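S.K.: Protein chains in written order, with my numbering: chain A, 535 to 898; chain B, 535 to 898; chain C, 535 to 898.
Warning: the hint list may mix true and false statements.
Because identical chains share one entry, a pair is satisfied inside a single copy or across any pair of copies.
Calculated cross-link-like contacts (lysine-lysine; reagent style DSSO-like; alpha-carbon spacing at most 30 Å) [claimed, not checked]:
(1) Lys723 to Lys562
(2) Lys562 to Lys701
(3) Lys771 to Lys701
(4) Lys701 to Lys564
(5) Lys540 to Lys723
(6) Lys806 to Lys723
(7) Lys723 to Lys536
(8) Lys701 to Lys596
(9) Lys540 to Lys701
In short, the hints are calculated from the structure, not lab data.
Nothing here was measured: the structure is a model prediction, and the numbers come from that model.
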Amino acid sequence: MKTLFKEILHNPLLWLLLFVPVVLVAHKVKPESHTLLFVLSVLAIVPLAALLSHATESVAAKTGDAVGGLLNATLGNLTELVIALTALRAGQYVLVKASVAGAIVTNSLFMLGMCFFLGGLRYHTQEYNRVSARLQSGLLFLATIALLIPSLVARADPIAGAAITHKLSVGLAVLLMVAYACGMFFSLKTHRELFASAGHGEEGETPLPIGVALVTLAIVTVFVALVSEVFVESVQKAAEDFGMTPAFVGFIIVALVGGAAEMASAFSGARKNRLDLSVGIAMGSSSQIALFVAPVLVLLSYVLGPHPMDLQFWPGAVVMIFLSTLTATLVTNSGRSTWFTGLLVMMVYVIFAMTLYLLPPRTQ
Amino acid sequence: MKTLFKEILHNPLLWLLLFVPVVLVAHKVKPESHTLLFVLSVLAIVPLAALLSHATESVAAKTGDAVGGLLNATLGNLTELVIALTALRAGQYVLVKASVAGAIVTNSLFMLGMCFFLGGLRYHTQEYNRVSARLQSGLLFLATIALLIPSLVARADPIAGAAITHKLSVGLAVLLMVAYACGMFFSLKTHRELFASAGHGEEGETPLPIGVALVTLAIVTVFVALVSEVFVESVQKAAEDFGMTPAFVGFIIVALVGGAAEMASAFSGARKNRLDLSVGIAMGSSSQIALFVAPVLVLLSYVLGPHPMDLQFWPGAVVMIFLSTLTATLVTNSGRSTWFTGLLVMMVYVIFAMTLYLLPPRTQ
Amino acid sequence: MKTLFKEILHNPLLWLLLFVPVVLVAHKVKPESHTLLFVLSVLAIVPLAALLSHATESVAAKTGDAVGGLLNATLGNLTELVIALTALRAGQYVLVKASVAGAIVTNSLFMLGMCFFLGGLRYHTQEYNRVSARLQSGLLFLATIALLIPSLVARADPIAGAAITHKLSVGLAVLLMVAYACGMFFSLKTHRELFASAGHGEEGETPLPIGVALVTLAIVTVFVALVSEVFVESVQKAAEDFGMTPAFVGFIIVALVGGAAEMASAFSGARKNRLDLSVGIAMGSSSQIALFVAPVLVLLSYVLGPHPMDLQFWPGAVVMIFLSTLTATLVTNSGRSTWFTGLLVMMVYVIFAMTLYLLPPRTQ
Chain A
535 MKTLFKEILH NPLLWLLLFV PVVLVAHKVK PESHTLLFVL SVLAIVPLAA LLSHATESVA
595 AKTGDAVGGL LNATLGNLTE LVIALTALRA GQYVLVKASV AGAIVTNSLF MLGMCFFLGG
655 LRYHTQEYNR VSARLQSGLL FLATIALLIP SLVARADPIA GAAITHKLSV GLAVLLMVAY
715 ACGMFFSLKT HRELFASAGH GEEGETPLPI GVALVTLAIV TVFVALVSEV FVESVQKAAE
775 DFGMTPAFVG FIIVALVGGA AEMASAFSGA RKNRLDLSVG IAMGSSSQIA LFVAPVLVLL
835 SYVLGPHPMD LQFWPGAVVM IFLSTLTATL VTNSGRSTWF TGLLVMMVYV IFAMTLYLLP
895 PRTQ
Chain B
535 MKTLFKEILH NPLLWLLLFV PVVLVAHKVK PESHTLLFVL SVLAIVPLAA LLSHATESVA
595 AKTGDAVGGL LNATLGNLTE LVIALTALRA GQYVLVKASV AGAIVTNSLF MLGMCFFLGG
655 LRYHTQEYNR VSARLQSGLL FLATIALLIP SLVARADPIA GAAITHKLSV GLAVLLMVAY
715 ACGMFFSLKT HRELFASAGH GEEGETPLPI GVALVTLAIV TVFVALVSEV FVESVQKAAE
775 DFGMTPAFVG FIIVALVGGA AEMASAFSGA RKNRLDLSVG IAMGSSSQIA LFVAPVLVLL
835 SYVLGPHPMD LQFWPGAVVM IFLSTLTATL VTNSGRSTWF TGLLVMMVYV IFAMTLYLLP
895 PRTQ
Chain C
535 MKTLFKEILH NPLLWLLLFV PVVLVAHKVK PESHTLLFVL SVLAIVPLAA LLSHATESVA
595 AKTGDAVGGL LNATLGNLTE LVIALTALRA GQYVLVKASV AGAIVTNSLF MLGMCFFLGG
655 LRYHTQEYNR VSARLQSGLL FLATIALLIP SLVARADPIA GAAITHKLSV GLAVLLMVAY
715 ACGMFFSLKT HRELFASAGH GEEGETPLPI GVALVTLAIV TVFVALVSEV FVESVQKAAE
775 DFGMTPAFVG FIIVALVGGA AEMASAFSGA RKNRLDLSVG IAMGSSSQIA LFVAPVLVLL
835 SYVLGPHPMD LQFWPGAVVM IFLSTLTATL VTNSGRSTWF TGLLVMMVYV IFAMTLYLLP
895 PRTQ
């Protein structure tokens, strides 16, 4: 436990943990002040996410490469998963889908682009393992096609389409999870030598002892769930106060909050010229959301949600996911990057953010 | 003739030739039992296609590289052409178009993916001549744009669109055939050294003597035509009995039956680490269907069909062709493959097949 | 001034300058003969564009690399800009947009394809600096996404969409210009060594003295503006006489006329095996139109036009721009070309031209 406290003392980000009790108390006392609760819950989620991510990696580091990789791959986006599950239980399916789509877009454009940009400011040209990037972009490409289809089917025949979209979504969810599992088997077992330099879990932080890590994992997850509830409840109304559209909130705000911890690791890796790590986190998070978190949500909606959720996204979300995947695929194809590569990728993100900000609520 | 009989005896696939007389007799005796006739005609077409493909290659092997390549390129998909012509004469344009689109999608996803997968199970990593793959994917990309346009024009203006779609389709058909001819001129004449290792026609089977091959070619084509008639007549009704949608039948069943022979060659090539051959067959068949078979069908519809056929495909078919081409282009870009590459490509195919299976008949 | 006259005498293209006074007189005398005025104005614009391009390069050559590159990059498509500005002032926004979209498509398909084709007829295989091609195709890809969005927003919600399209267009215009400026900073300053062999401004022509060049630049621009007025006035009616659709005129005729001078340089570079130069001109012109000319027109429409112009293009134009960019990106990825590469790219252009020629006027 000492290690944990020492770490909290040394990492200014973790001082934000103070906001965890604050937001929970504030929620009891002033359940009506949505904007305040929204700001507090964001401030509380960010350090929790960082702690969660550190605990996951500590457990992963202790359990050997194969199991560790598996753990990292399944729990790496635990924050996003817990937030989405909270929204799912509240029946806010529009928010769930927007946050899934937004996380894919944000990770593969903003996080990836910012890594290239920040790294490029310090190093003239950077190189990274493109085999790993190709695996992730291949998985992401598959997921993009899977997310595209239900939306197209529903467009082609709005009446009959609705009836089959649920069956189709369950089928696609299972297929994506199988593809994800095979991808792990490929990169951790049969062809692990190709992914040699990707070096996950070496972020320079000393891992927590296994016992501490497990306890941290359990407790922090509970707190993320509690704070997420406040976040999900307040986000839409707070957004209105700030003059933001619901699409902007779901796509941009939720995705940035949920991914803050990974972004911190990815950006710091890029500044240390360890672009393999950065690209791995950015692309890996994207494909994990698309091939693991989204399918899990669809399947869990049969148990937890008021009614089943499908994989039919708003057409605008589908277009953005498609264009993000295409951009990330084309950009990571060469295995080299400069500051300008990063800028271009981020500008695609800015175009999307700008559009979502201006979009009238009706069309979403 | 002895060579031919010996070959039939040695190749278990060819024992299925027994079903040729069976299906023709059954068609006379029980013209109403669609399901039976469908199953029998499938069982009869597969060995005929294998024989046709072998005879074509034998003629090609004897006539020197340039003429041989030409023959292979024009008669390589004779089975698909004869089936489609039978459907064309019967005025079943929906089936014709579905089988063309299905053959493109099936060859560039299922056949290619399965080659990578089967080869990858035996060999850790496989390499192939990517110049050849790029030529084929370039041609396929051009054809995809050509097939996309009439559908978009018709969508933009349903009334006036219909009037110009026919003119446009004839123009596009001629253009695609010119591009295909130029592609052959390029790969067989001006830049043949780039395609050196692609080695068509060396499948390990001994070629038939030229006389036997020519006679076989003629006779088998007639039988394929006869059996195709039964197949085309029975397929739709049989599909209903099996609970399959017409789109699923046209896209998946017809394409798998028509391509069975090439698939056998391509898969066996992949298992022997001769991926050049496999990729050549898979990508070559796709581009041949798109740039030769489809245009020929459009032009012949003016002579053989009840009314001219255009190149306007069902929007879903256009999306699938576009995504297949994009997938095949991105995947073959590196010139290397593993079992996982193959799995990813096949999964795209499974997504399409699943969707077509669930699709309500109205939307197709 | 002598240099200029000597040059005019030696370059048969410049003899066409005779048509400049002819068309201006004809416009006063016979303002009704649209077809005649159209033909005369085309004949007059082509040599003016060549002169303009030569003068720009002469100034660029004298002012050192950084400023020179900047000049070339901003004034390189001065002809297109002046023509579009004339149409803008006349309120012909459909023509403005068609000419912008047409210039992007024509430069990245016809000009690029013809360079590959002409070069390939003389040289077996040609190589070029693919870093430079990738920069341009990256910029073009960004612009394509930016041009896609307003059209999608307007489709999703025709009523509210119109209201936000203008705000969005201004935002996108500013963003594209920033991206363009950063691209110049990247290629002329921070990473100029990567673009070493691209060698702009060395077309073998001797540069004009700086004084002559500046005077030429000023005078010729005025003449281009005067002739453009006749051109813009006559083009639509002349097109009707020739039986061409307005879309065909805007996309194909205006783009070919406006780009004639660059095409002459690019084609001659390809014939001299200086493909770096050719690809630079073709891809550079495309991205310049998309990231500089189009945004400038949007911003200037607030000052010069009868009402603000947005970036919402006709869906068909968006599809063509997207497919052109994708084609150019995939094709220039390898850094090698043959005659067949060029032919394939040009065929995509022919498909578009054919479709536009046949398209009923209503749908545009």
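S.K.: Hints first: check each against the structure and report whether it holds.
M.R.: Outcome of the hint check:
1. Lys723 to Lys562: So Lys723 and Lys562 fail the 30 Å test inside a copy (49 Å) and across (57 Å) alike.
2. Lys562 to Lys701: Intra 41 Å, inter 41 Å, cutoff 30 Å: neither.
3. Lys771 to Lys701: between (33 Å within a copy, 25 Å between copies)
4. Lys701 to Lys564: neither (43 Å within a copy, 38 Å between copies)
5. Lys540 to Lys723: Classified as neither: same-chain Cα gap 36 Å, cross-chain 46 Å, threshold 30 Å.
6. Lys806 to Lys723: Both: 28 Å inside a copy, 24 Å across copies.
7. Lys723 to Lys536: Close neither inside one copy (36 Å) nor across copies (51 Å); limit 30 Å.
8. Lys701 to Lys596: neither (40 Å within a copy, 53 Å between copies)
9. Lys540 to Lys701: neither (50 Å within a copy, 50 Å between copies)
The structure is inconsistent with the numbered hints 1, 2, 4, 5, 7, 8, 9, although it conforms to all the rest.
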